[in-house]
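Q: Sequence:
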Amino acid sequence: MDIIWHGHSCFELVSGGYSAVIDPFQDTSVGTAYPHVRLTADAVYISHEDRDHNFREGVTLRNTGKANPFAVTELETYHDIMRGRLRGMNTVRIFAAEGMRVAHLGDLGAKPTPEQMQQLQGLDAMMIPVGGIYTIEPDTAYYLCEQLQPRVIIPMHFQAPGHSNHRLRAPEDFTGIFEGNGANVQRYNANRMTLTPDTPAQVVIFRRPE
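At position 19 of the sequence shown (counting the first as 1) the number is 878 in my numbering, and the numbers step up by one without a gap.
Honestly, the hints are just simulated from the structure, not real lab data.
Source: prediction; values computed, not measured.
Hints should not be assumed to be uniformly reliable.
With a Cα cut of at most 16 Å, we get these calculated EDC-like pairs of lysine to aspartate or glutamate [claimed, not checked]:
{"id": "1", "residue 1": "K970", "residue 2": "E1005"}
{"id": "2", "residue 1": "K970", "residue 2": "E935"}
{"id": "3", "residue 1": "K925", "residue 2": "E974"}
{"id": "4", "residue 1": "K925", "residue 2": "D886"}
Quick list of the computed label-pair ranges, beta carbon to beta carbon [unchecked claim]:
{"id": "5", "residue 1": "G947", "residue 2": "G1041", "range": "36 to 42 Å"}
{"id": "6", "residue 1": "L945", "residue 2": "A1049", "range": "24 to 30 Å"}
{"id": "7", "residue 1": "E957", "residue 2": "E933", "range": "18 to 24 Å"}
{"id": "8", "residue 1": "Q1006", "residue 2": "G958", "range": "33 to 39 Å"}
{"id": "9", "residue 1": "P894", "residue 2": "I992", "range": "21 to 27 Å"}
{"id": "10", "residue 1": "R942", "residue 2": "E1069", "range": "23 to 29 Å"}
{"id": "11", "residue 1": "G1039", "residue 2": "P894", "range": "17 to 23 Å"}
{"id": "12", "residue 1": "K970", "residue 2": "N1040", "range": "16 to 22 Å"}
{"id": "13", "residue 1": "P894", "residue 2": "N1043", "range": "25 to 31 Å"}
{"id": "14", "residue 1": "A1049", "residue 2": "R897", "range": "18 to 24 Å"}
{"id": "15", "residue 1": "E908", "residue 2": "A1029", "range": "22 to 28 Å"}
Ideal Cβ positions, reconstructed from N, Cα and C, are used throughout, including at glycine.
Using the sequences plus the hints, can you model the full thing?
A: In C-alpha cells, the structure reads:
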C-alpha cells in the first residue's frame, strides 16, 4: 500500500491502483506552505468541514469501475476538549486493505473514548495531528501513540515554513519526544512510502511536497 503526503493533513492511499484521498486542502487556507492540491483519485474522504480539510473541488474523481479495496471504519470524535462545543465533531477513519490497517485521525482534538481506543489498536500506520491549538498537542499525540503502539507513525497538521497560522507547533516538538526516548525516527527524501507487513516500526518525517 502506498501512502503519499500532499501537505498539511492531506494524504493519498493507493492499493491495487485504487486511489483514496483524505482531507484535501484549499491552497489559500494554508498560506504558501504547500503547493496547490489538484489531484485525480477514485474516492475522497473528509474528516470535517474546514477549508483546510474539505477542498473536494481540488480532487477530480475518475470513474474506472474499480471496486474500492478499502474497508473503511468511521469513528466520530471531538474536534476539541469541550466535547465539540468549540469546533464540532471530527471523523477518524481506519482504512483496511492488503491485510493492513491505516488510520487517519483528522483534526482530533480530544482523546478518543476507551471503546474507540480499542478499535485503534493493532494499526500498521497512523496519521496523527501534532500541531496543537486546533488539535491535540504534541505531548498528547505522543501519549496516544504510546497507548496505541501503531507500527508506523506519521505526524501531520503542524507548522511549516510559509504556513498562514504561525501558532501551530513544529513537527520537531513531537518527533523530538520520540528521539529523546530512543525511537526510530526516519526522515524520507520523498513525500511517500510503500507500507508492507515487513515495514519496521518507525516515526516518519516526509519531505515537503513539491
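Q: Could you run down the list of hints and mark each one as holding or not?
A: For each hint, the structure was consulted:
{"no.": "1", "hint": "K970 with E1005", "in the structure": "13 Å, holds"}
{"no.": "2", "hint": "K970 with E935", "in the structure": "12 Å, holds"}
{"no.": "3", "hint": "K925 with E974", "in the structure": "33 Å, violated"}
{"no.": "4", "hint": "K925 with D886", "in the structure": "29 Å, violated"}
{"no.": "5", "hint": "G947 with G1041: 36 to 42 Å", "in the structure": "38 Å, holds"}
{"no.": "6", "hint": "L945 with A1049: 24 to 30 Å", "in the structure": "36 Å, violated"}
{"no.": "7", "hint": "E957 with E933: 18 to 24 Å", "in the structure": "20 Å, holds"}
{"no.": "8", "hint": "Q1006 with G958: 33 to 39 Å", "in the structure": "23 Å, violated"}
{"no.": "9", "hint": "P894 with I992: 21 to 27 Å", "in the structure": "23 Å, holds"}
{"no.": "10", "hint": "R942 with E1069: 23 to 29 Å", "in the structure": "40 Å, violated"}
{"no.": "11", "hint": "G1039 with P894: 17 to 23 Å", "in the structure": "32 Å, violated"}
{"no.": "12", "hint": "K970 with N1040: 16 to 22 Å", "in the structure": "20 Å, holds"}
{"no.": "13", "hint": "P894 with N1043: 25 to 31 Å", "in the structure": "29 Å, holds"}
{"no.": "14", "hint": "A1049 with R897: 18 to 24 Å", "in the structure": "19 Å, holds"}
{"no.": "15", "hint": "E908 with A1029: 22 to 28 Å", "in the structure": "27 Å, holds"}
Violated hints for the displayed structure, listed by number in ascending order: 3, 4, 6, 8, 10 and 11.
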